[in-house]
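Asks: With chain A's structure known, arrange chain B on it following the hints.
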Amino acid sequence: MQDEPTPTELIKAVADFLRNEITPEIKGHNAFKLRVSINALDLVTRQLAQEGDSDAAEAARLKQLLGRQGSLLELNRALSDRIAKGDVDLQTPGLAEHLWQTTMDKLAVDQPNYASYKRELGTK
Amino acid sequence: MIEQQLGRCVASWFEGATGVTGAAKLSGGASQETWSFDIVHAGGTTGAILRRAPPGYGASPGRAAGLDAEAVLMQLAHDAGLPSPRVMHVLTPEDELGTGFIMTRIEGETIARKILRDEQFAKARPILARQLGGVVAGIHGLPAAKLPKLREMNSTKELADMEREYRSFGRPRPVFELALRWLRERDPGPSKEVTLVHGDFRHGNLIIGPDGVRAVLDWEIAHFGDPMEDLGWICVNSWRFGEIDKPVGGFGSREDLFAGYEAAGRKVDPDRVMFWEVMGTLRWGIMCCGMMQRFRAGPDHSMERAMIGRRSSETEIDLLRLLAPRA
Numbered sequence: 000m001q002d003e004p005t006p007t008e009l010i011k012a013v014a015d016f017l018r019n020e021i022t023p024e025i026k027g028h029n030a031f032k033l034r035v036s037i038n039a040l041d042l043v044t045r046q047l048a049q050e051g052d053s054d055a056a057e058a059a060r061l062k063q064l065l066g067r068q069g070s071l072l073e074l075n076r077a078l079s080d081r082i083a084k085g086d087v088d089l090q091t092p093g094l095a096e097h098l099w100q101t102t103m104d105k106l107a108v109d110q111p112n113y114a115s116y117k118r119e120l121g122t123k
Numbered sequence: 000m001i002e003q004q005l006g007r008c009v010a011s012w013f014e015g016a017t018g019v020t021g022a023a024k025l026s027g028g029a030s031q032e033t034w035s036f037d038i039v040h041a042g043g044t045t046g047a048i049l050r051r052a053p054p055g056y057g058a059s060p061g062r063a064a065g066l067d068a069e070a071v072l073m074q075l076a077h078d079a080g081l082p083s084p085r086v087m088h089v090l091t092p093e094d095e096l097g098t099g100f101i102m103t104r105i106e107g108e109t110i111a112r113k114i115l116r117d118e119q120f121a122k123a124r125p126i127l128a129r130q131l132g133g134v135v136a137g138i139h140g141l142p143a144a145k146l147p148k149l150r151e152m153n154s155t156k157e158l159a160d161m162e163r164e165y166r167s168f169g170r171p172r173p174v175f176e177l178a179l180r181w182l183r184e185r186d187p188g189p190s191k192e193v194t195l196v197h198g199d200f201r202h203g204n205l206i207i208g209p210d211g212v213r214a215v216l217d218w219e220i221a222h223f224g225d226p227m228e229d230l231g232w233i234c235v236n237s238w239r240f241g242e243i244d245k246p247v248g249g250f251g252s253r254e255d256l257f258a259g260y261e262a263a264g265r266k267v268d269p270d271r272v273m274f275w276e277v278m279g280t281l282r283w284g285i286m287c288c289g290m291m292q293r294f295r296a297g298p299d300h301s302m303e304r305a306m307i308g309r310r311s312s313e314t315e316i317d318l319l320r321l322l323a324p325r326a
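Those protein sequence lines, which keep their order, are chains A and B. Here numbering that gives the first Met the number 0 is used: the first sequence runs in plain steps of one and ends on residue 123. Here numbering that gives the first Met the number 0 is used: the second sequence runs in plain steps of one and ends on residue 326.
This is chain A alone, in the form it adopts within the complex (with noise of 0.2 Å):
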């Protein structure tokens, strides 16, 4: 067992300073970058809290649209395939469902300020 703080709490702290005593300090082209970076602290932060349960639950809802099991690259590249193929499509039951909570999931990791996923939430 590894001692704490935990890699979320140390991230966060780290991006926390970059962002009230650092990007005060920096000017041009690396207050971008620095900016990009913060946005990737946050994003890896993100992904820790949410990453369990969205994989688990995406595999859960693959397993049941494909009737097997296997990795979720496997899974995915199953479905891949099935759709490339045309065998399942839009009016197959559950997949647009599964396809949507899928993509809502990897937004709020990737983007949570993206307007179309804040409209999907509902919230704009």
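A few of these clues could be false.
Some chain B residues close to chain A (C-beta under 7 Å, calculated; not the full set) [unchecked claim]:
| id | residue |
| --- | --- |
| 1 | Pro173 |
| 2 | Leu177 |
| 3 | Arg320 |
| 4 | Leu321 |
To be clear, the hints were calculated from the coordinates, so they are not data collected in a lab. Bear in mind the structure is a predicted one, so any value in this text is a computation, not a measurement. Glycine is no exception: its CB is placed at the ideal position from the N, C-alpha and C atoms.
Replies: Coordinates of chain B only, in the frame set by chain A:
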């Protein structure tokens, strides 16, 4: 160093030029650079832009039209009365500046968030979509006989290229598969009318002033193809910068864009435009994935590229909103 080289170059064609000041690199990768500078002469200074491939980087990669072609297109657009910089000089070997050209610098804004939010553009925003419709129509109507040699594309070829690129990444994306399937089933094939297509007509490549559009830039991926491609590309949600209810660049409606286009004497095919909007959304998604590939493979370990890779999911939600809208 570059100011001296530019000074020598400018003296050979700008009458009364005594030198060059204020040279600053605006952007640049390894193979292509953009510089801003001022030409000093008896009457004051004239703002100029250098776009070049430095010495040793002559050939243009894959899809690029090439700097010589860009110069010709920009000059043709200018001569046709379209908003465009004037090309002042095409580089020659004697200039020792590489290949490329020098054009007039046009003042204005290219950053989307400022154009969409700053007060100084408040009067421009409501008229831009219609204006740009007219500008695109002008581009599509440029005289064919004078156009440079460019690659010819159509939706079938473009779709095959995109699919090949996506498959080369080796990572499954069910939403992209759905979009590819949707596009293959609706592929309209080569269009009856083939025209010059700008290819990247969107925020970032348009100089906007308080009075509206002032210049169209960056003809790097210009080609011959379906004119509806340009109308679809500017409607892609990725260029709305949060203003998702205004399909044209976050400032206007499709109706205004189409009205401007048709007022210039050309015809819109809205179904084809929608097809190209879906194509464009998927294309940007695949480009984001490509950034992630370059981040991994490239030597520069660019964090910005890495983070653009994480924007491909934005195009997935936009594709779902287009292809499988929820009630």
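Asks: Where does the structure disagree with the numbered hints, that is, which hint numbers, in rising order?
Replies: Hint 4 alone not satisfied by this model.
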